[in-house]
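Peer 1: Read in order, the letters of the sequence shown are residues 1 to 198 in UniProt numbering.
Please note: incorrect hints may appear among the correct ones.
[To be verified] FRET-style restraints, in silico, Cβ to Cβ:
{"id": "1", "residue 1": "Asn29", "residue 2": "Ala165", "range": "21 to 27 Å"}
{"id": "2", "residue 1": "Asn29", "residue 2": "Glu167", "range": "20 to 26 Å"}
{"id": "3", "residue 1": "Asp191", "residue 2": "Asp53", "range": "17 to 23 Å"}
{"id": "4", "residue 1": "His197", "residue 2": "Asp138", "range": "33 to 39 Å"}
{"id": "5", "residue 1": "Arg189", "residue 2": "Gln141", "range": "30 to 36 Å"}
{"id": "6", "residue 1": "Arg148", "residue 2": "Asn29", "range": "25 to 31 Å"}
{"id": "7", "residue 1": "Gly170", "residue 2": "Asp57", "range": "21 to 27 Å"}
{"id": "8", "residue 1": "Gly99", "residue 2": "Arg189", "range": "31 to 37 Å"}
{"id": "9", "residue 1": "Pro169", "residue 2": "Thr95", "range": "17 to 23 Å"}
{"id": "10", "residue 1": "Glu193", "residue 2": "Asp139", "range": "31 to 37 Å"}
Worth flagging that the hints you see were computed from the coordinates, not collected in a lab. All of these numbers come straight from a predicted model, not from anything done at the bench. Note that the Cβ used here is the ideal one computed from N, Cα and C, for glycine as well.
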Amino acid sequence: MTPNSDPTVQPVPASVVQQVDAADTTLHNPKTAVLSIGSNLGNRLESLQSAVDALADTPGMKVTAVSPVYETEPWGVEPGSQPAYFNAVVVVRTTLPPGSLLERGHAIEEALERVREERWEPRPIDVDIVAYQGVVSDDPQLTLPHPRAHERAFVLVPWHDVDPAAEVPGRGSVEELLRTLGTEGVTARPDLELIVHA
Numbered sequence: 001m002t003p004n005s006d007p008t009v010q011p012v013p014a015s016v017v018q019q020v021d022a023a024d025t026t027l028h029n030p031k032t033a034v035l036s037i038g039s040n041l042g043n044r045l046e047s048l049q050s051a052v053d054a055l056a057d058t059p060g061m062k063v064t065a066v067s068p069v070y071e072t073e074p075w076g077v078e079p080g081s082q083p084a085y086f087n088a089v090v091v092v093r094t095t096l097p098p099g100s101l102l103e104r105g106h107a108i109e110e111a112l113e114r115v116r117e118e119r120w121e122p123r124p125i126d127v128d129i130v131a132y133q134g135v136v137s138d139d140p141q142l143t144l145p146h147p148r149a150h151e152r153a154f155v156l157v158p159w160h161d162v163d164p165a166a167e168v169p170g171r172g173s174v175e176e177l178l179r180t181l182g183t184e185g186v187t188a189r190p191d192l193e194l195i196v197h198a
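Based on the provided sequences and hints, a complete structural model is requested.
Peer 2: And the structure:
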């Protein structure tokens with residue numbers, strides 16, 4: 001009996017093999033990263049979609065999941081002093097190291113005309129790296145995981161949607177953190193959708 005003559009083993013269709021091979025050639029030894037995107041200026045949904053498109057178009061990166069959209073109150077400012085945010089989480093597989101991923105996030109913000117002048121200011125787009133393959137780093141340029149991710153429901157709620165078993169490295173499971181934190185001020189917007197274009 002030859003090794004491949006087991007009748008219970010079905011051959012993998014050639015098209016699937018080709019797709020897997022193609023993915024492997026574009027992403028060699030990829031890492032998983034989680035990014036949070038938000039907007040509270042201009043056409044908020046359009047800005048989020050543009051950020052998803054730009055991430056998907058980045059060489060060495062593949063968007064594997066995009067969360068539902070949530071409407072959230074601005075963080076760190078007086079209630080009612082700014083428009084509400086639209087927020088979502090994007091999961092990517094990437095061969096870019098964390099520093100290059102950060103540069104790409106900043107380039108997307110610049111392209112969508114974000115100006116960094118004040119902390120907590122309204123913005124057309126915000127792209128934050130929340131976590132990168134379980135890496136823990138105190139680098140002031142890029143602290144991993146994001147130093148406030150564990151206390152931000154607007155990050156944890158959509159992250160839990162795309163990965164219910166997710167962990168914030170050094171902080172615990174997203175599910176447990178949400179149980180403690182609660183979801184007040186984070187409103188689902190099922191009428192809105194972000195699309196990953198093939």
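Peer 1: Would you mind marking each hint as holding or not holding in the structure?
Peer 2: Checked hints:
At roughly 22 Å, the beta-carbon separation of Asn29 and Ala165 lies within the given 21 to 27 Å, and the hint holds. In this structure, Asn29 and Glu167 meet the distance hint of 20 to 26 Å, their C-beta atoms being roughly 21 Å apart. A hinted range of 17 to 23 Å for the beta carbons of Asp191 and Asp53 is consistent with their spacing of about 20 Å. A C-beta distance of roughly 37 Å is found between His197 and Asp138, which places it inside the suggested range of 33 to 39 Å.
The hinted range of 30 to 36 Å is satisfied by Arg189 and Gln141, whose Cβ atoms lie roughly 33 Å apart. Hint check: Arg148 to Asn29, Cβ distance near 30 Å, so the stated range 25 to 31 Å holds. With their beta carbons about 32 Å apart, Gly170 and Asp57 fall outside the hinted range of 21 to 27 Å. At roughly 33 Å, the beta-carbon separation of Gly99 and Arg189 lies within the given 31 to 37 Å, and the hint holds.
For the hinted restraint 17 to 23 Å between Pro169 and Thr95, the CB-CB distance of approximately 20 Å keeps it satisfied. Hint check: Glu193 to Asp139, Cβ distance near 35 Å, so the stated range 31 to 37 Å holds.
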